[in-house]
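Here is what each chain is made of, one letter per residue.
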Amino acid sequence: MSTAPAAGKHELPRVHYLNIDYGIRSWLFTTDHKRIALLYLASISFFFVLGGLFATIIRLELLTPAGDLMESETYNKLFTMHGIAMIFFFLIPSVPAVLGNFLVPMMIGARDLAFPRINLLSWYIYTLGGLFTLFAMASGGVDTGWTFYTPYSSTYSNTHVMATALGVFILGFSSILTGFNFIITIHKMRAPGLTWFRLPLFIWAHYATSVIMILGTPVVAIAIALVGIERLFHVGIFDPALGGDPVLFQHLFWFYSHPAVYIMILPSMGVISEIVCCFSRKKIFGYPFVAFSSVAIALLGFLVWGHHMFVSSQSMYAGMVFSILSFLVAIPSAVKVFNWTATMYKGSVMYNAPMLYAMGFIGLFTMGGLTGLFLSTLATDVHLHDTYFVVAHFHYIMVGGAIMGYLGGIHFWWPKISGRLYPEGWARFSALVIFIGFNLTFFPQFVLGYLGMPRRYHAYPPEFQVLNVMSTAGASILAVGYAIPLVYLIWSLRYGLAAGPNPWGAKGLEWQTTSPPPTFNFPETPVVDEEAYEYYPMKEAEVV
Amino acid sequence: MTPDASPMLAGLAAALQAGVPIFPDQASSIARRVDLLYYFLTGVALFFSALIFSTVFYFAIKYRQRSPDERPLPIHGSLSLEILWSVVPLLLTMVMFFWGATLFYEIRTSPSDATTLYVVGKQWMWKIQHPEGQREINMLHVPVGHPVRLVMTSEDVIHSFFIPAFRIKMDVLPGRYTDLWFTATKPGTYHLFCAEYCGTKHSAMRGSVVVLEPADYQAWLTGAPAGETPEVAGARLFRQFNCHTCHEAGPTSRGPSLHEVYGKTVRLRTGETVAVDDAYLRESILLSNAKVVAGFEPVMPTYQGQISEEGVLHLLAYIKSLTREEGKGAQP
Chain A
1 MSTAPAAGKH
11 ELPRVHYLNI
21 DYGIRSWLFT
31 TDHKRIALLY
41 LASISFFFVL
51 GGLFATIIRL
61 ELLTPAGDLM
71 ESETYNKLFT
81 MHGIAMIFFF
91 LIPSVPAVLG
101 NFLVPMMIGA
111 RDLAFPRINL
121 LSWYIYTLGG
131 LFTLFAMASG
141 GVDTGWTFYT
151 PYSSTYSNTH
161 VMATALGVFI
171 LGFSSILTGF
181 NFIITIHKMR
191 APGLTWFRLP
201 LFIWAHYATS
211 VIMILGTPVV
221 AIAIALVGIE
231 RLFHVGIFDP
241 ALGGDPVLFQ
251 HLFWFYSHPA
261 VYIMILPSMG
271 VISEIVCCFS
281 RKKIFGYPFV
291 AFSSVAIALL
301 GFLVWGHHMF
311 VSSQSMYAGM
321 VFSILSFLVA
331 IPSAVKVFNW
341 TATMYKGSVM
351 YNAPMLYAMG
361 FIGLFTMGGL
371 TGLFLSTLAT
381 DVHLHDTYFV
391 VAHFHYIMVG
401 GAIMGYLGGI
411 HFWWPKISGR
421 LYPEGWARFS
431 ALVIFIGFNL
441 TFFPQFVLGY
451 LGMPRRYHAY
461 PPEFQVLNVM
471 STAGASILAV
481 GYAIPLVYLI
491 WSLRYGLAAG
501 PNPWGAKGLE
511 WQTTSPPPTF
521 NFPETPVVDE
531 EAYEYYPMKE
541 AEVV
Chain B
545 MTPDASPMLA
555 GLAAALQAGV
565 PIFPDQASSI
575 ARRVDLLYYF
585 LTGVALFFSA
595 LIFSTVFYFA
605 IKYRQRSPDE
615 RPLPIHGSLS
625 LEILWSVVPL
635 LLTMVMFFWG
645 ATLFYEIRTS
655 PSDATTLYVV
665 GKQWMWKIQH
675 PEGQREINML
685 HVPVGHPVRL
695 VMTSEDVIHS
705 FFIPAFRIKM
715 DVLPGRYTDL
725 WFTATKPGTY
735 HLFCAEYCGT
745 KHSAMRGSVV
755 VLEPADYQAW
765 LTGAPAGETP
775 EVAGARLFRQ
785 FNCHTCHEAG
795 PTSRGPSLHE
805 VYGKTVRLRT
815 GETVAVDDAY
825 LRESILLSNA
835 KVVAGFEPVM
845 PTYQGQISEE
855 GVLHLLAYIK
865 SLTREEGKGA
875 QP
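Chains as they are written, first to last, in my numbering: chain A, 1 to 544; chain B, 545 to 876.
Among these hints, one or two may not hold up.
[Unchecked claim] Below are the DSBU-like pairs computed for lysine-lysine, each with C-alpha atoms no more than 35 Å apart in a straight line:
1) B/LYS606 with B/LYS745
2) A/LYS346 with A/LYS9
3) B/LYS666 with B/LYS835
4) A/LYS346 with B/LYS606
5) B/LYS745 with B/LYS730
6) B/LYS835 with A/LYS9
[Unchecked claim] Taking beta-carbon pairs under 10 Å as the criterion, some of the chain B residues facing chain A (in silico):
7) ASP715
8) GLU740
9) VAL776
10) GLY849
11) ILE851
12) LEU866
[Stated by the list, open to error] Cβ pair distances, simulated, as ranges:
13) B/THR653 with A/LEU248: 42 to 48 Å
14) B/LEU635 with A/VAL321: 40 to 46 Å
15) B/PRO612 with A/VAL487: 42 to 48 Å
16) A/PHE46 with B/ARG576: 36 to 42 Å
17) A/PHE135 with B/SER611: 53 to 59 Å
18) B/SER598 with A/GLU11: 42 to 48 Å
19) A/PHE135 with B/LEU635: 49 to 55 Å
20) A/PHE292 with B/PHE601: 42 to 48 Å
21) A/VAL295 with B/SER852: 51 to 57 Å
22) B/LEU635 with A/LEU248: 54 to 60 Å
23) B/ASN833 with A/LEU248: 54 to 60 Å
I should point out that these hints are in silico values taken from the structure, not numbers from a laboratory.
Every residue gets a Cβ at the ideal spot worked out from N, C-alpha and C, and that includes glycine.
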């Protein structure tokens with residue numbers, strides 16, 4: 001059913017970006033976008049494992065209604081650090097900084113990003129921000145929640161708010177630089193013939209994401225800086241005892257942090273477009289609609305932040321405006337889902353692991369999106385706000401959506417990144433385990449939320465226990481699902497079969513060069529004379 | 545995992561026997577209507593989830609690759625389909641919006657005959673004051689069938705007052721008043737949660753709402769030790785802080801009279817007008833010279849840090865009592 005690449009047919013190229021130079025210096029001073037992508041891959045994987053570890057302890061604590069595994073203070077620090085590690089240090093950089101860095105220049109036929117040294121700088125900034133945050137975690141942790149709500153964060157918390165806030169503040173600059181680099185690269189460095197409407201949808205998604213990174217990130221940096229100023233110098237900004245306004249912080253924070261959700265999901269949507277086309281052997285259904293829906297999501301995403309604040313004392317009429325705008329952003333998301341599904345129609349569908357991840361993404365993102373409607377609806381949000389329903393909803397989007405897309409992309413481009421094939425059977429198995437484990441973990445949380453269990457609760461009334469035990473049991477399956485790829489991907493680096501330039505028979509410029517590619521990607525600049533995803537008619541020469 | 549696993553397993557077994565709950569109690573006038581909207585949303589969500597899952601599954605099987613030489617025909621898209629699957633979701637979401645917004649309007653607009661109770665949240669407890677003088681901590685007794693309005697503020701960080709069985713929630717903020725109302729419809733004891741993360745013992749900031757039949761409620765009112773009513777406590781504070789020396793000194797007084805002002809509009813020194821509501825009175829007590837009434841000098845000392853949030857609420861209750869009934873319609 002799937003195109004099994006002929007074993008032993010290929011050999012790795014003699015010189016490529018991985019073996020052109022050796023030693024720690026060749027990595028730490030590299031300006032090759034592909035090597036920087038791997039630096040990011042290592043860093044964000046570290047934070048993913050760390051965040052996952054925190055999640056494991058949280059789920060163990062919630063097995064019982066009483067808070068008996070640890071003190072409340074410890075629990076509060078764990079969910080805070082889980083959120084900070086996962087959102088700021090894993091999800092936001094995941095697809096853009098790893099796959100985007102690796103693929104944006106290759107997909108447009110460029111030698112590198114427009115500013116290779118700034119690209120390296122962005123990784124160093126990320127690392128510096130990460131070190132501050134790790135220092136805060138190691139020296140006692142922080143307990144404000146990843147949302148840093150004032151005046152708790154600015155006046156009341158006695159934990160390492162400053163070090164963490166500084167870490168997140170610094171990290172923001174890394175996002176901004178990456179966004180700039182992508183936008184300029186996409187504008188100025190496309191191969192001859194590669195017009196805007198011939199671009200892979202992965203590029204459109206990254207362009208939209210970059211716009212959000214540039215426009216949104218400064219605002220959260222300002223909000224965090226103001227918290228720091230209030231904490232250090234007691235200037236009344238957010239704390240009413242000093243003459244400030246605590247709700248102002250929520251406006252500033254969500255003005256970035258809601259669009260940040262789209263920073264996490266849009267790049268994954270780009271990945272899904274590539275995968276679905278490749279493994280259906282079809283052109284994307286409705287190219288301009290999928291492309292412009294990314295732009296629409298990025299723009300509308302900036303106008304919905306107030307839906308986090310329906311019960312915050314924000315005016316009732318402001319609530320209504322934010323409610324209707326939030327419904328509008330659901331439309332381009334729905335359009336994408338329908339177009340991906342329609343792309344499979346009359347295709348030639350293969351069940352390779354990336355396709356399984358993509359189908360999982362479509363299903364889970366749909367459920368995440370539909371449950372978002374419950375939260376845009378004012379009257380139901382009053383009840384559901386700050387309950388486990390919200391926790392379940394955003395995990396469906398961020399874990400079911402963003403991480404499924406990320407893992408699908410890692411598998412899809414693994415042969416290009418490493419030059420070797422991963423074991424297909426294990427990969428399909430782990431995709432299935434992750435899908436099942438994910439649903440078992442988070443579906444019960446929707447029910448818990450409607451029952452009224454508030455989020456961030458260390459201890460809870462006993463009638464919520466059964467659903468919490470189900471969730472924890474699911475999480476143990478999910479953890480196994482995540483561990484399997486970690487093992488076989490590392491195994492494949494040494495023992496995987498050589499992949500050849502294009503093991504999937506995929507379209508796109510990145511598949512026209514060797515795997516792994518040479519340092520400057522293409523021996524000569526490719527010329528594009530067709531639209532994206534022109535799977536058929538296919539020239540024989542392209543079936544490598 | 546836990547040092548003592550057997551009670552945990554016993555508790556779990558008991559819970560399993562009782563069945564896994566899916567819906568919370570419906571114990572307020574709006575609970576049933578919020579649930580109706582929730583069923584509608586669930587129906588839409590189930591329909592579209594089933595549609596997408598089954599279509600993806602069906603296409604994956606029907607159009608599976610049977611030979612690597614297959615040549616699927618290119619399909620570029622369909623404008624009519626794009627319009628269909630944009631417009632149908634748009635119409636459905638607009639139904640959700642209007643339904644949700646009209647119900648939200650009711651949730652946020654308290655009826656004029658509601659009894660007002662005061663709530664002060666602090667790390668990590670709820671303090672409640674009844675108009676008849678009863679005070680409670682982490683407990684709220686209310687009669688069935690009568691609207692109750694809560695005027696709430698916080699002494700420290702942001703909290704959120706959440707009663708799942710009533711389907712209502714409102715954040716409780718330092719430095720301002722928020723309000724919330726409900727009519728309980730079913731006697732019983734229900735959870736009261738703090739829903740906004742507020743620090744170390746956030747999950748211990750819980751309590752119970754006890755809904756009583758009117759007769760039982762009267763019995764509770766007479767049985768519970770009643771302290772001063774808010775008006776009486778406010779009148780005492782009014783003397784204690786010497787407010788009366790300026791505000792009740794007749795025509796020559798240095799401050800405006802507080803009789804018959806609540807719910808009215810006053811002109812300020814700046815020429816602006818302002819409605820005399822809870823928020824304005826609170827500000828005028830704590831940051832006295834922020835908005836001074838026309839014809840008076842900004843000479844009043846500030847009382848920030850000297851009067852507790854409960855004390856301010858008592859003073860407001862006293863000032864309100866200086867205005868005849870018809871003027872009390874205004875709300876913060």
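These are the hints, each one checked on the structure:
no.	hint	verdict
1	B/LYS606 with B/LYS745	55 Å, violated
2	A/LYS346 with A/LYS9	31 Å, holds
3	B/LYS666 with B/LYS835	28 Å, holds
4	A/LYS346 with B/LYS606	8 Å, holds
5	B/LYS745 with B/LYS730	30 Å, holds
6	B/LYS835 with A/LYS9	84 Å, violated
7	ASP715	5 Å, holds
8	GLU740	6 Å, holds
9	VAL776	28 Å, violated
10	GLY849	8 Å, holds
11	ILE851	13 Å, violated
12	LEU866	27 Å, violated
13	B/THR653 with A/LEU248: 42 to 48 Å	26 Å, violated
14	B/LEU635 with A/VAL321: 40 to 46 Å	20 Å, violated
15	B/PRO612 with A/VAL487: 42 to 48 Å	30 Å, violated
16	A/PHE46 with B/ARG576: 36 to 42 Å	50 Å, violated
17	A/PHE135 with B/SER611: 53 to 59 Å	58 Å, holds
18	B/SER598 with A/GLU11: 42 to 48 Å	44 Å, holds
19	A/PHE135 with B/LEU635: 49 to 55 Å	52 Å, holds
20	A/PHE292 with B/PHE601: 42 to 48 Å	28 Å, violated
21	A/VAL295 with B/SER852: 51 to 57 Å	53 Å, holds
22	B/LEU635 with A/LEU248: 54 to 60 Å	36 Å, violated
23	B/ASN833 with A/LEU248: 54 to 60 Å	23 Å, violated
Hints 1, 6, 9, 11, 12, 13, 14, 15, 16, 20, 22 and 23 from the list above are not met by this structure, while the remaining hints are.
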